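Peer 1: Use these hints to put chain B onto chain A, whose structure you have.
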Amino acid sequence: MKVPAQLWFGAALSSAFVVAALVSLVWTPYPVDELSIDQRMRLPGDGYVLGTDQFGRDMLSMLMVGARTSIAVAIVAVGIGMAFGVPLGLLAAANRGKPVDEIVMRTNDLVFAFPSLVIAILITAVFGPSAFNAILAIGIFNIPVFARVTRGGALSLWTLDFVLSARVAGKSRLRISLEHILANITNLLIVQGTIQFSLGILAEAGLSYVGLGAQPPTPSWGRMLAESQTLVSLAPHIAAFPGLAIVLTVLGLNLMGDGLRDILDPRLRSTR
Amino acid sequence: MRYGSRVAAAILALGVGAAQAQDRIVIGMQLEPPNLDPTGGAAAAIDEVVYANVFEGLTRYRSDGTIAPGLAESWSVSDDGTVYTFHLRAGVKFHDGSEMTADDVKFSLDRARSDGSTNAQKSLFAGITDVDVVDSVTVKITLAAPNGGFITNMAWGDAVILAPETAERAATEPVGTGPFRFSRWVQGDRIELVRNPDYWGERPALESATFRFISDPTAAFAAVMAGDVDAFPAYPAPETLAQFDADPRFQLLIGSTEGETILSINNGSGSLGDVNVRRAISHAINRREIIDGAMFGYGTPIGTHFAPHNPDYVDLTDISAYDPELSRKLLAEAGAEDLTLSLKLPPPSYARRGGEIVAAQLRAVGIATEISNLEWAQWLEQVFRGKDYDLTIVSHTEPMDINIYARPDYYFQYDNPDFRNLMKDLDLASDPAERSEILAAAQRIIAEDYVNGYLFQLARTGVADARIQGLWPNAPTQANDLTGVSWRE
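First to last, the sequence lines map onto chains A and B. Number 71 in our numbering belongs to position 17 of the first sequence; there are no gaps in the numbering. Number 487 in our numbering belongs to position 414 of the second sequence; there are no gaps in the numbering.
Chain A with its partners taken away, still in its complex shape (with noise of 0.2 angstroms):
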């Protein structure tokens, strides 16, 4: 099978935010937590790589770090998503057209319905912005979203021979969604997974941009950003790069998903 190009381009590009994320854990070039007004807004070169931003702290160790928040949001809420859309999914297949299923796609429909940016508006007014309640209220518009590949991908093996055999063979719908179904519909969610980790680094950029994100002195991309809007034309790169990081890791996480859903997919590769 052959590797298209831009898997592999998307996969170098969204490992190298990854591994500057984990590398941040151990080492930055400069600390992070320690303000120098005395170096604020220096130019990329000049003793720093990227230049320091309006505090004087060096670029280069906020975008790592910055990596690191942004990882770990879309993680945790692309984890969030599949550990209670999944089995929902599931469960709405194996009990198409009664009232379960019912009850299970429309609640997901009515979530679904909600922007994601209104569901963490309110999930702040009631607990307070932070990194957590932005995990969670990503998170909570995941869930639909799986449930739904979920639902879609089972429905069309539980038509098939083998699932019907399964059946006659006495086992239980519980145990075919999980031995069967489950394990021929994890292409489908690395796919999806790839997508929504990409969509939930977006998405916490966007809640760090409105303040309703991780807050400081916690770097994240989308406050950076918010912060730096007003002295675009004093130091420009300050607004610039985590722009930039932002644009490259979806950009890599988008083509890197394109490129295992035409590996992985099963409807796009009878298609061909």
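For the record, the hints were derived by calculation from the structure and aren't laboratory data. Warning: the hint list may mix true and false statements.
If you want the footprint, here are the derived chain A segments under chain B, 3+ residues with CB under 8 angstroms [to be verified]:
1. 84-91
2. 303-316
Here are the simulated SDA-like cross-link-like pairs (lysine to any residue), alpha carbons at most 20 angstroms apart as the crow flies [to be verified]:
3. B:Lys460 to A:Val72
4. B:Lys460 to A:Val180
5. B:Lys460 to A:Phe181
6. B:Lys460 to A:Arg315
Going by beta-carbon spacing under 7 angstroms, a handful of chain B positions derived as facing chain A [what the hints assert, rightly or not]:
7. Pro290
8. Gly366
9. Gly370
10. Pro374
11. Ile430
Here the structure is a predicted model, which means the values were calculated and not measured. The beta-carbon is built from N, C-alpha and C at its ideal position, and this holds for glycine as well.
Peer 2: For chain B alone, kept in the frame of chain A given last:
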């Protein structure tokens, strides 16, 4: 890029061409007033639109902070200092054409001090026992005790004169005696005023004035750069001032405000009740770094809750000089080494940026902070009314407001009987030398009690079209007085 700048230059040229013989002005403001009745609301934005423009009081503030006659031409004080007789200007008319008389003054003052009054500064009128109409242009005001600050009190926006027929509607259709009449209010966008042809004083040069509300600092920058706004007297993005300074089309209006910007400490919250812990916090603060980092150098360090441009100010910054070593020692002695404090920050950039810097400085001496960024409504609810906070940063913009430290129920929760007695003495004192002495003592008490971390006096950083003259550089009170504003040429 080059094409873009050429278009910009062309648009600019058009703008300059159309700007000849200017008699209109557009003033930018960050916050929209909730209503337009300065005697019925606390918001600074109300006074910033109507003070001295639409409404006038018996006396008024000048741009340098001194007090001048307003609707009262002159006044005399009885020997015991309790009876003030005001002689009003004759022939002053309200915008609806009715005459302004002593009855209106009595009505306004009685309304402000009545039990059901919603006046935000009722203490201004607290000492008044009687307001008597002597004749149509003379009012006699009797005080319970001498009050050296009474003439200043009457200059506040909260003490302006309204007519009984129109006072009820002042919130939406203000009718005053000022040089400008209210014309129209487009909610969420702008308020328009037009010249009052029947004004008793000198005719203002401007035909009309528009106040536009732009809350976002980036949008404010764009609006001034594009010329949509002619002047932004309290410009919210100090970081971009350098750019305006370098541009000959603009002038900077740098002055002082009455805003003591402080790191408010909840004296009633846990170990913050310990003066040594508060002292440690004060010594951990590097004011210079905060002024440079948050305000881009605009601001004057203060060591107590008092405006440095006031003649009675005492420089007490040495009491809480930056000394992180001493901070760590004090914290160790107080047994508060693992302190984690909440730091709740309202939206202005002095608070948000200042907060991050303060947090880093406290971290350096071993105090952890949990920052939460709040909107104004949340801040008022949680911090100001709910007192659910450890630290916050806010600018106290009322003039001469050191007396808030005499209120144990105020959000600092500072309770010191000595200070309260001092404020009582101040109310009774009318001799200027004695008042100075009391004010100096008061400043010292709160500085030595380390009630709050005193950071800096908020600078008034304004930007305006270079051809505008007569705008106030300072803000001795919350106002945008347009009486003397005009365009050059």
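Peer 1: Against the structure shown, which of the earlier numbered hints fail to hold, in ascending order?
Peer 2: Of the numbered hints given earlier, those the structure breaks are 2, 3, 6, 9 and 10, listed in rising order.
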